[in-house]
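Engineer: Start from chain A and add chains B and C according to the hints.
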Amino acid sequence: MSAMILEYALTYAQIAMILALGIACWRMLRGPRAQDRVLALDTMYVQAMLLFLLIGMGNGNVFFFEGALVIAVLGFVTTVCAAKFLMRGEVIE
Amino acid sequence: MTRLIPHPLMSAALVFVWLLLTRFSLGHLVLGTAIAILAGWVVNRLHPPTPRIRRWGAIPRLAALVVWDILKSNIAVARILLLGPGHPSYHSGFVELELRLRDQNALALLAIILSATPGTAWLEYEAEDGYLLLHVLDLRSEDDWQTLIRDRYETLLMEIFE
Amino acid sequence: MRHLEQLPPVAAIIIALFVVLGSTLALLGSIGLFRLKSFYQRLHAPTMAYSYGTLLIVVGSMAMFSLIEKRPVLHELVIGIFMLITPPVTLLMLGRAALRRDRDTKLGHDELVPPRIPPGERGKKGPRDVSGYGEGMLDKSVLPHTKAETRELRDPDDLHDPTD
Chain A
1 MSAMILEYAL
11 TYAQIAMILA
21 LGIACWRMLR
31 GPRAQDRVLA
41 LDTMYVQAML
51 LFLLIGMGNG
61 NVFFFEGALV
71 IAVLGFVTTV
81 CAAKFLMRGE
91 VIE
Chain B
1 MTRLIPHPLM
11 SAALVFVWLL
21 LTRFSLGHLV
31 LGTAIAILAG
41 WVVNRLHPPT
51 PRIRRWGAIP
61 RLAALVVWDI
71 LKSNIAVARI
81 LLLGPGHPSY
91 HSGFVELELR
101 LRDQNALALL
111 AIILSATPGT
121 AWLEYEAEDG
131 YLLLHVLDLR
141 SEDDWQTLIR
151 DRYETLLMEI
161 FE
Chain C
1 MRHLEQLPPV
11 AAIIIALFVV
21 LGSTLALLGS
31 IGLFRLKSFY
41 QRLHAPTMAY
51 SYGTLLIVVG
61 SMAMFSLIEK
71 RPVLHELVIG
81 IFMLITPPVT
91 LLMLGRAALR
101 RDRDTKLGHD
111 ELVPPRIPPG
121 ERGKKGPRDV
131 SGYGEGMLDK
141 SVLPHTKAET
151 RELRDPDDLH
161 DPTD
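Residue numbers (full-length UniProt numbering), protein chains in the order written: chain A, 1 to 93; chain B, 1 to 162; chain C, 1 to 164.
Only chain A is shown next, with the shape it has when bound in the complex (with noise of 0.2 Å):
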């Protein structure tokens, strides 16, 4: 009974985040500007976190959190090191 729905919840959370993350793919390709690429690899990056933790969850295996917790890590610093380049560098578009 209660493995059935938690089945069900992490099939469709799971279902969720790759449609989320092909959303955010899609405005990563398309972005107008630069900043709304970086935004959208933030976002990503987010989502891929949330979708490790999820995938663990129905795994039953705690090591898709050390997964999680890597991609958390390198999402900041990459976001960080582009938003400081944007502003920084003499950007020719």
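Since the hints were derived computationally from the structure, they do not count as laboratory data.
Zero decoy hints are in this set.
If you want the footprint, here are the derived chain A segments under chain C, 3+ residues with CB under 8 Å:
| id | segment |
| --- | --- |
| 1 | 8–15 |
| 2 | 24–35 |
| 3 | 43–56 |
| 4 | 60–74 |
| 5 | 77–89 |
All C-beta atoms, glycine included, are put in the ideal place defined by N, C-alpha and C.
Structural biologist: Quick look at chains B and C alone, frame taken from chain A:
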């Protein structure tokens, strides 16, 4: 005491995170404490302004207020997104405010609060004049953003830090 | 998914609710990226995934592993704390970068932003009314500005009209 542990709050937080990431045992407690004290020395070399918390009692009130406000604005932003961008019932735009807050840590906390709320985005702060530029997704949800920020967060933050 | 059978049904329903709500919020953040028109509006959308989306999923995961392993499993809190501190930093830096780029006339801008007043030149006027800037779907009946007033507000040296 202050020379051995220059940043007690940060060191305590580091020990806490260390114990969360590993299973609790005496060895990890000792190791985590050692790392936290070492990190405190390193941070002390950077000379950040040490947070001085005057009133601990106001912190839970601020936390509860922030959690509740973020929940409310999540619902509001979800409504706007489902209405669609062309819907005339909301109008986004910039707002300029004047802040009385000068404490660095309090300003950082205010920036975190305003950025974490989906309806408002912190764009620019002029440290000399104390002017702040915000972008607000729905300008019409409040009449006066200046008094809203002042009454809701600024007085509480000044109570805690100044 | 045999490990899930050990959970009591009430806990399973609550965890399922948390997970579904959290992922829906994260999806809504993405939909916001898709639907909103200008960069500054889009800056608000992912915050939903960052704040309550993450919070709900992290709490659900913590509750599930704690109930299965029958001991408090709290390490997801680290992600919660991390997501509390870092997204404001990235959003703040992105916002400032976008503002700088929109003010740089060489790059061209698709959005009118309030010009920067250097410190000391402001005088004692107090905060400006800048609600006329932005790509705006300005409803004239609600806000006091008309389009003509908005144009007067702009400093011709700092901004040039993208149409000319």
